[in-house]
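Turn these sequences into a full structure, and let the hints guide you.
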Amino acid sequence: MSDETFRLLVNGAEVTVEADRDTPLLYALRNQLGLKGTRFGCGLGLCGSCNVLVDGRVVHSCDTPLWSVDGKAVRTVEGLGDSPLQRAMIDEQAAQCGYCVSGVVMTATALLARNSCPSECEVREALDGNLCRCGAHNRMVRAVLQASQIEAAQ
Amino acid sequence: MIPRNLAANPRLSHWVSVRPDGTVDVRCGKVELGQGILTALAQIAADELDVAYDRIRMVPATTDSSPDEGLTAGSRSIEDSGAALRQVGAEVRAVFLAAAAKVLDSSELSVVDGLINDTVSYWDLLDDVDLDVEATGAVEPKPVAERKVMGTSPGRLDIPDKVYGRARFIHDLSLPGMLYGRAVRPPSRGATLVSLDTSKAAELDGVVEIVRDGDFLGVIADREETAVRAAGLLRCEWAERDSLPDVDAMPEFLMSRRTEDVTIVDESTSDDAVTTVAATYSRPYLSHASMAPSCGVARWDGDKLELWTHSQGLHPLRLDICRSLGVAIDQVTLHHVEGAGAYGHNGADDAAFDAVLLARAVNGRPVQVVWSRADELGWAPFGAAMAVHIEADLDAVGEVVAWRHDLYSNGHVSRPGFFAAPALLGSQLRTGTPPPVSMDPPFANGGGSERNSVPLYTFPGQRITKHRLLEMPLRTSSLRALGAYANVFAIESFVDELAFRAGVDPVRYRLRHLSDERARAVITAAADAAGWSRRGEGWGFAFARYSHHGAYCAVVAEVEAETSVRVKRLTLAVDAGAVVSPDGLRNQVEGGAIQSTSWTVKEQVRFDRSRVTSTDWESYPILRFSEVPEVEVVIVDRPDRPSLGAGETAQGPTAAAIANALHSALDVRVRDLPLTPAAIIAAL
Ligand code: FES
Ligand code: FES
Chain A
1 MSDETFRLLV NGAEVTVEAD RDTPLLYALR NQLGLKGTRF GCGLGLCGSC
51 NVLVDGRVVH SCDTPLWSVD GKAVRTVEGL GDSPLQRAMI DEQAAQCGYC
101 VSGVVMTATA LLARNSCPSE CEVREALDGN LCRCGAHNRM VRAVLQASQI
151 EAAQ
Chain B
155 MIPRNLAANP RLSHWVSVRP DGTVDVRCGK VELGQGILTA LAQIAADELD
205 VAYDRIRMVP ATTDSSPDEG LTAGSRSIED SGAALRQVGA EVRAVFLAAA
255 AKVLDSSELS VVDGLINDTV SYWDLLDDVD LDVEATGAVE PKPVAERKVM
305 GTSPGRLDIP DKVYGRARFI HDLSLPGMLY GRAVRPPSRG ATLVSLDTSK
355 AAELDGVVEI VRDGDFLGVI ADREETAVRA AGLLRCEWAE RDSLPDVDAM
405 PEFLMSRRTE DVTIVDESTS DDAVTTVAAT YSRPYLSHAS MAPSCGVARW
455 DGDKLELWTH SQGLHPLRLD ICRSLGVAID QVTLHHVEGA GAYGHNGADD
505 AAFDAVLLAR AVNGRPVQVV WSRADELGWA PFGAAMAVHI EADLDAVGEV
555 VAWRHDLYSN GHVSRPGFFA APALLGSQLR TGTPPPVSMD PPFANGGGSE
605 RNSVPLYTFP GQRITKHRLL EMPLRTSSLR ALGAYANVFA IESFVDELAF
655 RAGVDPVRYR LRHLSDERAR AVITAAADAA GWSRRGEGWG FAFARYSHHG
705 AYCAVVAEVE AETSVRVKRL TLAVDAGAVV SPDGLRNQVE GGAIQSTSWT
755 VKEQVRFDRS RVTSTDWESY PILRFSEVPE VEVVIVDRPD RPSLGAGETA
805 QGPTAAAIAN ALHSALDVRV RDLPLTPAAI IAAL
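First to last, the protein sequences are chains A and B. Each residue of the first sequence is one higher than the one before, counting from 1 in the numbering used here. Each residue of the second sequence is one higher than the one before, counting from 155 in the numbering used here.
Honestly, the hints are just simulated from the structure, not real lab data. Idealized CB from N, CA, C, for every residue including glycine. Honestly, I wouldn't trust all of these hints.
What the hints assert, rightly or not - For each label pair, taking beta carbons as the anchor points, the in silico distance ranges come out as:
| id | chain 1 | residue 1 | chain 2 | residue 2 | range |
| --- | --- | --- | --- | --- | --- |
| 1 | B | Thr717 | A | Arg87 | 38 to 44 Å |
| 2 | A | Asp91 | B | Asn599 | 37 to 43 Å |
| 3 | B | Gly456 | A | Glu14 | 40 to 46 Å |
| 4 | A | Arg114 | B | Arg723 | 26 to 32 Å |
| 5 | B | Ile418 | A | Ser68 | 56 to 62 Å |
Unchecked claim - Derived contacts from chain B toward chain A, CB cut-off under 10 Å, selection only:
| id | residue |
| --- | --- |
| 6 | Ser307 |
| 7 | Gly309 |
| 8 | Asn741 |
Structure representation (structure tokens):
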């Protein structure tokens, strides 16, 4: 493993990361940049816990190597400010352990960006790659729908 | 009266300290597992102390300063810790009032948010009170009508951090100088290490140590990605052997082993039965399958050990670590840090011990261990596979005159701290010792495999026998609801079969055989809320009171089924006594019902004769968003009754309601879980 330098735009700020080119973006975010909000769940692209946005598209940061995001814009849960979706998640108390929440929020953020008024069915479909073991699904779906209504009203 | 957990930790100062800035620290031995317990306990404390809810700070448990309340398990936290904190709150309030009486020279005192007679506050009186005294039991907690915070649903204390992605989980800890460790497991149970070549891993830049201690293997590196890669580069040759049963013939396996047999109830008498009906039900091994792989962080300083863990029981874990390593209790401090939902005894304790073993190699530096997904699904303890055989003798008019229930299972507890043999995975690997065969908690405490084996129905001539296996092919330990899931699934399926046989509506059949008024009330509430009287095909009903002491729960399931079953809607009614937080209760019951749906229609730990093979989310699928049913929870509030634990109450009835709904849809009984397309086709 030998370090190279990568330049990323993370939550609007330019950062450099020195790491092996195959390092998963997830570890660079969590351990080098201290952005612990993106969670590790499986490392295999199968659970969505680690979802972030790269140039606006949802990716699994656990199996996204650093070399592939060099020069790109990465958005993590910490970069959402205090979005209507996050407020709706709190309003709906849409979590139990909350471990899956960051990934769900990122996936749903991308959904709302491309479809500001999704149906319940579309929300569920969009979130199908995000696993939740606690059974907080319906609350999260309600939160996404609530956020879309708030954004529509604005 | 002094509640049990307070009697064990009688000093008030152990539980509560009031700070000069007007905040109140509350310490308890229970830990947050995503069930919202700390929020509920904060509500109880605020009520009794007469301070605003947002003044309360719940201090995470540590072995240093928190009361020892044993395990956070069995849906007992509200009953036990809640009762203790209620009494503590009342006594602390009385101590402050006594001090105020002197200062104000008055005996007419009232408190609003810690302010007494609008004049002097608790935090003004800190020099005049001593909380370092024992509880007396002489102060009565408030009557129900005077509780203000209880019964409301304040937002959970932990949810904002989780929604904003703040560092809150144990995985997010980042201690100065922290290194990253990974343990490397054998491919199968009982495999022994024949040879090890560490050269490839050792060549990697950033690898700090490679640890071998018996068959316990691990790597430590300065970066997480390096640790992951180094773990994969260890060249291990293992001698494996076949040790596992046939995954597709588990009921037969369970019912043919050497067992310890315990009679739970025997009221059998001679009767005038004319027929006997019988059926056998089963559930497979289930995985806790937390969203976060287990994690532990440990640091040795000389012979002192500090450990951060998401264990459900700090003190028992500490005891096991000390026994395993021959260190004294006072050398070891444990801190609880939240993990993801655990739903029982998962890999948390084992991961903690992995960190302890690895950190020994780098004295002075903390090491964080995170398990891989494959190890989490493959090596954490499983919920035990179970088979339940029920027989009912019927008289000439079809009434039950005798009821026999035989259950076959491994025990449901192999937690650390309760066995002489090493209960921690790392300890088993380093000493080459098999895990202790799991046990069950005493029936008086709800039991383990026999939990909920005694039906609440008024059937005469009950004989309930448990057959606990004396061998253990796969390590089993507590999974949410323990034996209650399979026992209730079996009982409630069988009752449904009896109702059909008798040609009686399943709800009416249950009511006819229940005298417990609260049971009858939740059954009626669920049936009404779901619209049972207007039901079509694909509807199923089930009921249980969790663990004889916990919440009552009735479930109506609506499914669509052809060759697979899709659960469309669940309606649950719950009586959990006096409700601390209605939304907290709803959240727990909703989540329990959805998780149980997942277990019931999808989940099964798979293995060949030597290896567990369901080690990722494709081979161990769980319910996805698009498959999750609509869930409605109706609360039957009993403000005048003690609060009852409700975190596990939905598991069993949900399973049976779905299976009964499947029967209603397709006219087939699938008695072996999960209700997969293969199982349904086989039953058709
Ligand atoms: S951790 Fe990335 S998808 Fe599971
Ligand atoms: S809230 Fe626990 S995994 Fe989703």
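Hint-by-hint comparison with the structure:
Hint check: Thr717 of chain B to Arg87 of chain A, Cβ distance near 43 Å, so the stated range 38 to 44 Å holds. For Asp91 of chain A and Asn599 of chain B, the Cβ-Cβ distance of about 39 Å falls inside the hinted range of 37 to 43 Å, so the restraint holds. Checked against the hint of 40 to 46 Å, the C-beta distance between Gly456 of chain B and Glu14 of chain A comes to roughly 44 Å, which is consistent with it. Separation of Arg114 of chain A from Arg723 of chain B is about 30 Å and conforms to the stated range, judged on CB atoms against 26 to 32 Å.
Distance hint check for Ile418 of chain B and Ser68 of chain A: the Cβ-Cβ separation is about 59 Å, which falls inside the suggested range of 56 to 62 Å. The criterion of a C-beta within 10 Å of any C-beta in chain A is met by Ser307 of chain B, whose closest approach is roughly 8 Å, and the hint holds. For Gly309 of chain B, the interface hint holds, since its Cβ comes within 10 Å of a Cβ in chain A; the closest pair sits about 6 Å apart. A hinted interface residue such as Asn741 of chain B counts as satisfied when its beta carbon comes closer than 10 Å to some beta carbon of chain A; here the least separation is about 6 Å, so the hint holds.
In terms of the numbered hints stated before, the structure departs from none.
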